[in-house]
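There are 2 protein chains.
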Amino acid sequence: MTSTGRVTLPIEVGMDEQIIELIQRLGADAVRNSDGTDLPAIAADLAVKIYATYFPARGDNEWAQTHTNESTHFYLMSPRVTSLRGGDLTIDIMDGYYEQQVSPDTDVDVRRMWQVHDRTTNTEVPVEQWDHEGRLVTVHNTIPGHVYTVNFFARQLWDSTQMYNYITNDWHLDPARQKQAPYDVRGTETWEYMKHTMNSWCEENPEIDVVRFTTFFYHFTLVFNTLGKEKFVDWFGYSASVSVAGLDAFEEEYGYRLTAEDFIDQGYYNNPFRSPSPRFKDWMDFQHRFVTSRAKELVDITHAHGKEAMMFLGDNWIGMEPYGEHFPEVGLDAVVGSVGSAATCRMISDIPGVKYTEGRFLPYFFPDVFNNEGDPIGEANQSWLNARRAIVRYPLDRMGYGGYLSLAVQFPAFVDRVEEICAEFRQIHEESQGTRPQNAPFTVGILNAWGKVRSWQTNMVAHALWYKQIYSYVGVIESLAGLPFDVKFYSFNDLRDGVPEEVGVLLNAGPAGTAFSGDVAWDDPELAATIRTWVAEGGAFIGIGEPSAYPKGGAFMQLSDVMGVEREVGLTLNTDKYDEPQGEHFITTDLSEEFYDGEGAGDVYSIAPDTQVLRMKDGSVQLATHEYGRGRAVYMSGLPYSTENSRLLHRALFWVTGREHDFSRFWYCENPELEVAYYPNVRKFLVYNNSEETQSSVVHGLGREWPVHLSPVGFLWMDLTD
Amino acid sequence: MTSTGRVTLPIEVGMDEQIIELIQRLGADAVRNSDGTDLPAIAADLAVKIYATYFPARGDNEWAQTHTNESTHFYLMSPRVTSLRGGDLTIDIMDGYYEQQVSPDTDVDVRRMWQVHDRTTNTEVPVEQWDHEGRLVTVHNTIPGHVYTVNFFARQLWDSTQMYNYITNDWHLDPARQKQAPYDVRGTETWEYMKHTMNSWCEENPEIDVVRFTTFFYHFTLVFNTLGKEKFVDWFGYSASVSVAGLDAFEEEYGYRLTAEDFIDQGYYNNPFRSPSPRFKDWMDFQHRFVTSRAKELVDITHAHGKEAMMFLGDNWIGMEPYGEHFPEVGLDAVVGSVGSAATCRMISDIPGVKYTEGRFLPYFFPDVFNNEGDPIGEANQSWLNARRAIVRYPLDRMGYGGYLSLAVQFPAFVDRVEEICAEFRQIHEESQGTRPQNAPFTVGILNAWGKVRSWQTNMVAHALWYKQIYSYVGVIESLAGLPFDVKFYSFNDLRDGVPEEVGVLLNAGPAGTAFSGDVAWDDPELAATIRTWVAEGGAFIGIGEPSAYPKGGAFMQLSDVMGVEREVGLTLNTDKYDEPQGEHFITTDLSEEFYDGEGAGDVYSIAPDTQVLRMKDGSVQLATHEYGRGRAVYMSGLPYSTENSRLLHRALFWVTGREHDFSRFWYCENPELEVAYYPNVRKFLVYNNSEETQSSVVHGLGREWPVHLSPVGFLWMDLTD
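Chains A and B, in that order, are what the protein sequence lines are. If you read the first sequence in this note's numbering, its first letter stands for residue 1, the second for the next number, and so on. If you read the second sequence in this note's numbering, its first letter stands for residue 1001, the second for the next number, and so on.
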């Protein structure tokens, strides 16, 4: 293959010849600057597109300093302070916060915008009962032994991402670097300023083809502690999207006023693991409409100058909600995001309403990897292995890298490998001729409190970051991101009129007490009833971890009868359990003796005589199947991503829908380290090795078999028309 | 030592000479029969007391069969059955139950005594909406996808313990053995019969000195499945104490009627891990008064014949509640129980209101241990090691064994060891001259929903049985049973007027959502406030596992501020955690690098800057201390019993009360395998080796030191008056 394109290269000043060579070798058709590098003059002559980052809501500190009434804000909660003796209790609301980032806003109507709570009764303390002076709030007549908190409204003094980069990269050593203060798009003057600046910038930068918005207006919640270390991070958080003007406008539209507590949420800040309150969902919807409408205006300006508009997926992305109803109305040309895994790759590539998507691959060309101890080739391979599974299923249109090119070129073998990856990426597009591979003839529906708006974002804290408490659930979407199924995300509300027609399997995965398993949503008897009758009439349910967990009516998991298993939470120890693993099953064909369930729910036992227990650990059921009426169910205690677990889910999805006999018709490779994608429109298949070892196996499809032998990370296109 | 007494020997027919020899060697002053053995004629000539088992509520099948209207009953729940299509749903209520044990009682007013529930809404189905025919209940107009259950009233056809023994020992092979049906003491005729029979039996058995009631009237809940295997066991359960007469009498006294659901409790059957409902506590109180009053009458008859009355702690003991208010009024001479651990030893020895207590030691002289593969000496040593710690602190007055003596004598080395143990047991009484060793000058208060009535019974399912979910909590009372502290058990209600004066430390240990950690009790803000202010004023709190867990007001553990730690339950993943273990501490002086916390709560993190984290595992805090006002707190993630963990608790109790400088004054041995008890009244100490290895160490007390060297399981009395 000698084609070019689909690749964006980060370039910098002082290496013009190398840039020309690399553009050729990698087939790059676009170049970009990075945070900390400038575009070289040669860029305009390279006959490629030029991207430039653009920050609508920060970067002009003069504007910020002269318009502090239009700075962005946080809603934050003070520490929890116990009144040990009653009487007056003084709370330092800034205790634990970083003064360079957070400044309590006392210019507003504090009695309206702040709140004090007795957290022991969890009730608000009347405003007459507290006073404030600067960062100190004094609560009067406190009850001895009760815990108090202050919800306060605070200015954001420093853009969170710029702050992170500044602190991490020791930019305080560089006098040219300023700490950038953000300003709020809701400010009347600021908004006019933003449009004007956008216009001017476009005029002043005619050589730029693609404006890379990084990002729009509101940063996700990222708060630092007194040591300047991360204190609270919620990649999905709206706590930094608040303003007096916004709350007023909300009240006017919705007819009720949000309080500080609607954002503080007892200190949980409506993080995505919380069952979302209707009031918070109203705010999300309100801000989504506002943010997308304003982003649209900036995009329109961009287009008016003949430039493309690309959004970075992250940073100041709050309210954009790429899977939200109004996102397509923005008219963005593209979205670019960091590819940390197959799931985050799909989080980008599945976004509707844009012309193309681009993935920023790992590793960054940064000194932490590009040194004598580092393994840049290993990281590039791992990144490619993760991403390729997703790209095959739902291709990113473009790929690229970030960081210092001058650093990368010091590792020639790395550049060689990147050249191969770029070629392989293009080959996927070329061989497939833009068609998508065949999927199973039913949709996998991921069911939780969020639904579509959190597509490919379930059980995540901060992008692709690993947390002990989530990896056993994130493995579900990580597996699905590369499996041959159409995947959609449904909220419990989406089932109000029954399970949507296209759904073949409903899948509920998450820990008890969270929005992902559902928590209080299962208090609604009709939710369980809808799923039960649907499964019984031939539907299919897969539960992972603590699915449908909500203690009610003698059941801990409300769909325990569907799955045939229940969790022991200490209230049914008196019930004898006699579970033993029972032989093999279609779904465990490629599974080891020990099932790797990560943190595994644990203490699970069968409650139906016809539950087939397939794997157990420490006396607890890890894996079980259950026939339910004319339908089926599968329970898994956890599903961290691994090639074996992905295969388990692949098989489980076929079995649970009663299609196990179709499994090989819809293509698979006996060795679970290998995956295969069949492109019916061009009659080709792609088989690829997800491991870093040589693998041999047999591909099954169309009733035929093909022996294959693949090098580490290797791939093979087979043309069936030959 | 050549003293005799305090030992009860099980004897049988056909080994008269050996019996005489063994009585002498063991110093036995009492003999007994066992279940399955008869007393030999020689018994009356042995110049020792003779015990005989007595079963007031079973054994006369003719009575049972002719008075089926006075048989005992269960309240049981049918399987949970889902209505998949709506309309009529027929439930076989006996599905899963054993027909030889359970018989649905349709002679009663079924519409009043039975109930049908929609468990999906958790509401009762109106009686007009269901019909029954034998074991089949048909519910009409069911809602598709809803789960239904039947609460039914059933006759007990077979005494649960006798049933267990019958099935386990293949008594069906012995035509002389009958299946014994129980009868209800609440039956007017049955009660007259019981008294009459008791009288006759006493008259007919003049040689019997001690009537060993095994036990009184109502068996703990023990239900078998269709295979005759255990289905549900609750050693504390009242489900088998119900009767129409009882419910009528209750209604008359309390002014409201209990329903089936008050006993069924959604299928949890009010097991001790459930937060007890006020209605269930009323029933317990009601039955306690009734059962103890009737037991008293039988005891009076026993006494009238010059015999002693001894109660076996177990089997048909429901309602007796040895730690209940009315137990002492029964006038029992003694309680005997099986010693499965130090805690169960204390459960017997601490019982108030009896003249003496007796422990039945392990192993039973049964073929399962007494065979070529078995290790009867090892089991005897282990049993003695467990029990001795408790006996030193609060002596049982007597000890004994059970089973077939003819089997034990085939193992002469075992008999030698038993002879030593009996002598050592007596020596404790003799050296101490009946005085108790010195304890720390404060009471350890175990706090949960039950309080005193479940003294030494916390976090237990069935006597001393091991469960994965409880051993990390049972270790708390197992440790305390042998530590130098006065231990009392308080209910949350006991703190209504403040923490009782005598309490030095409050200790709350258990899993979230249970009566032992407290669950909904913590919804009462005053409970937390009372403890907080008490600790802050110089009190002390130890929390183990998920203490005070009840999600409210942004806290998962309501006393998280006291302990300085909180549990991550998936809602605070966004909060950064930076915990690292911080050096050593007084309480960890004798602890290994790795703290064995058993199942450990996990996912615990510090929430106060002054929390001192002492041990961590997998990123989770296992052990931490926290100063709180003028008081202190200690958090432990779990505390399975081990000598090290017991020592940890010992030290923690001194530290948390601010008495760490008193630790050695109140006696300890440097090596945690050794414990020491000081008897101030006789100025002696006893040091004993809790391990099966030789141990050397130094005893500290009274500002002095004594080097000691003890053989495996060994002990040493030191007389300080010498």
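Warning: the hint list may mix true and false statements.
List of simulated lysine-lysine pairs, DSS-like, C-alpha gap at most 25 Å [stated by the list, open to error]:
1. A:K281 to A:K296
2. B:K1552 to A:K281
3. B:K1355 to B:K1452
4. B:K1229 to A:K552
5. B:K1552 to B:K1488
6. B:K1468 to A:K617
7. B:K1229 to A:K229
8. B:K1617 to A:K617
9. A:K296 to A:K468
10. B:K1195 to A:K577
11. B:K1452 to B:K1281
12. B:K1049 to A:K468
13. B:K1195 to A:K617
14. B:K1617 to B:K1468
15. A:K229 to B:K1617
16. B:K1195 to B:K1049
17. B:K1195 to B:K1229
18. A:K195 to A:K355
19. B:K1281 to A:K552
20. A:K468 to A:K229
21. A:K468 to B:K1468
22. B:K1577 to A:K577
23. B:K1195 to A:K468
24. A:K468 to A:K617
25. B:K1195 to B:K1452
Far from chain B, some chain A residues (derived; all Cβ distances over 12 Å) [what the hints assert, rightly or not]:
26. G14
27. E17
28. Q65
29. D95
30. W171
31. H172
32. F224
33. G374
34. E420
35. F556
36. E568
37. H585
38. A608
39. E673
Note that these hints are calculated values from the structure, not bench results. Ideal Cβ placement from N, Cα and C applies to all residues, glycine included.
Status of each hint after checking the structure:
Our distance criterion of 25 Å between C-alpha atoms is met by K281 of chain A and K296 of chain A, whose separation comes to about 22 Å. Distance check on the hinted pair: K1552 of chain B and K281 of chain A sit about 22 Å apart at the alpha-carbon level, within 25 Å; holds. Between K1355 of chain B and K1452 of chain B the CA atoms are separated by roughly 20 Å; this keeps the pair inside 25 Å, and the hint holds. Distance check on the hinted pair: K1229 of chain B and K552 of chain A sit about 28 Å apart at the alpha-carbon level, beyond 25 Å; violated.
Only pairs whose Cα atoms come within 25 Å are accepted, and K1552 of chain B paired with K1488 of chain B is rejected, the gap being roughly 29 Å. Simply put, K1468 of chain B and K617 of chain A have alpha-carbon atoms about 12 Å apart, close enough for the 25 Å limit, and the pair holds. This hinted pair does not check out: K1229 of chain B and K229 of chain A have alpha carbons roughly 58 Å apart, beyond 25 Å. Distance hint between K1617 of chain B and K617 of chain A is fulfilled; the C-alpha atoms sit about 20 Å from each other, no more than 25 Å.
Distance restraint check for K296 of chain A and K468 of chain A: the Cα-Cα separation of roughly 39 Å exceeds the 25 Å cut-off, and the hinted pair is therefore not satisfied. Under the criterion of a C-alpha separation no larger than 25 Å, the hint pairing K1195 of chain B with K577 of chain A is inconsistent with the structure, at around 41 Å. At roughly 13 Å between alpha-carbon atoms, K1452 of chain B and K1281 of chain B fall within 25 Å of each other, so this suggested pair holds. Our distance criterion of 25 Å between C-alpha atoms is broken by K1049 of chain B and K468 of chain A, whose separation comes to about 63 Å.
For the proposed pair K1195 of chain B and K617 of chain A, the alpha carbon gap of about 53 Å is over 25 Å, so the pair is violated. Taken as a hint, the K1617 of chain B and K1468 of chain B pair is honoured in the structure, with Cα atoms around 19 Å apart against an allowance of 25 Å. A hinted pair counts as satisfied when its Cα atoms are at most 25 Å apart, and K229 of chain A with K1617 of chain B qualifies at roughly 23 Å. For the given pair, K1195 of chain B sits about 24 Å from K1049 of chain B by alpha-carbon distance, which is consistent with the 25 Å threshold.
The straight-line distance between the Cα atoms of K1195 of chain B and K1229 of chain B is roughly 34 Å, outside the 25 Å bound, and the hint therefore fails. For the hint linking K195 of chain A to K355 of chain A, the alpha-carbon distance of about 24 Å falls within 25 Å, and the restraint holds. Restraint check: the Cα-Cα separation between K1281 of chain B and K552 of chain A comes to about 22 Å, which is no more than 25 Å; the hinted pair holds. The suggested pairing of K468 of chain A with K229 of chain A holds, with an alpha-carbon distance near 20 Å, which does not exceed 25 Å.
Annotation: proposed proximity of K468 of chain A to K1468 of chain B holds, straight-line Cα distance about 22 Å (limit 25 Å). For the hint pairing K1577 of chain B with K577 of chain A, the CA-to-CA distance comes to about 37 Å; that exceeds 25 Å, so the pair is violated. Restraint check for K1195 of chain B and K468 of chain A: the C-alpha separation of about 64 Å exceeds 25 Å, so the hint is violated. In summary, the hint linking K468 of chain A to K617 of chain A is supported, as the alpha carbons are separated by about 19 Å, within the 25 Å threshold.
A distance of roughly 31 Å separates the Cα atoms of K1195 of chain B and K1452 of chain B; the hinted pair therefore is violated under the 25 Å criterion. The Cβ of G14 of chain A sits about 38 Å from the closest Cβ of chain B, beyond the 12 Å cut-off, so the non-interface label holds. Distance check on E17 of chain A: its Cβ is at least 45 Å (rounded) from any Cβ of chain B, clearing the 12 Å threshold; non-interface status holds. With 12 Å as the threshold on Cβ separation, the claim that Q65 of chain A sits away from chain B holds: the shortest Cβ distance comes to roughly 30 Å.
Not every CB of chain B is more than 12 Å from the CB of D95 of chain A (nearest about 9 Å), against its label as outside the interface. Here W171 of chain A stays apart from chain B, with its beta-carbon at least about 22 Å from theirs, past the 12 Å limit. Under the 12 Å C-beta cut-off, the non-interface status given to H172 of chain A relative to chain B holds; the minimum distance is some 22 Å. Non-interface call for F224 of chain A relative to chain B: violated, since the shortest CB-CB distance, roughly 9 Å, does not exceed 12 Å.
No Cβ of chain B approaches the Cβ of G374 of chain A within 12 Å, the least distance being about 25 Å, so the stated non-interface status holds. Annotated as non-interface, E420 of chain A keeps its C-beta farther than 12 Å from every C-beta of chain B; the closest such distance is 38 Å. Not every beta carbon of chain B lies more than 12 Å from that of F556 of chain A, the smallest distance being close to 9 Å; the non-interface claim is violated. With a cut of 12 Å on Cβ distances, E568 of chain A falls inside the contact zone with chain B, its closest approach being about 7 Å.
With 12 Å as the threshold on Cβ separation, the claim that H585 of chain A sits away from chain B holds: the shortest Cβ distance comes to roughly 24 Å. In this structure A608 of chain A is not separated from chain B by more than 12 Å, as the shortest Cβ-Cβ distance comes to only about 9 Å. At roughly 29 Å, the least C-beta separation between E673 of chain A and chain B is larger than 12 Å, which holds for a residue marked as non-interface.
Violated hints for the displayed structure, listed by number in ascending order: 4, 5, 7, 9, 10, 12, 13, 17, 22, 23, 25, 29, 32, 35, 36 and 38.
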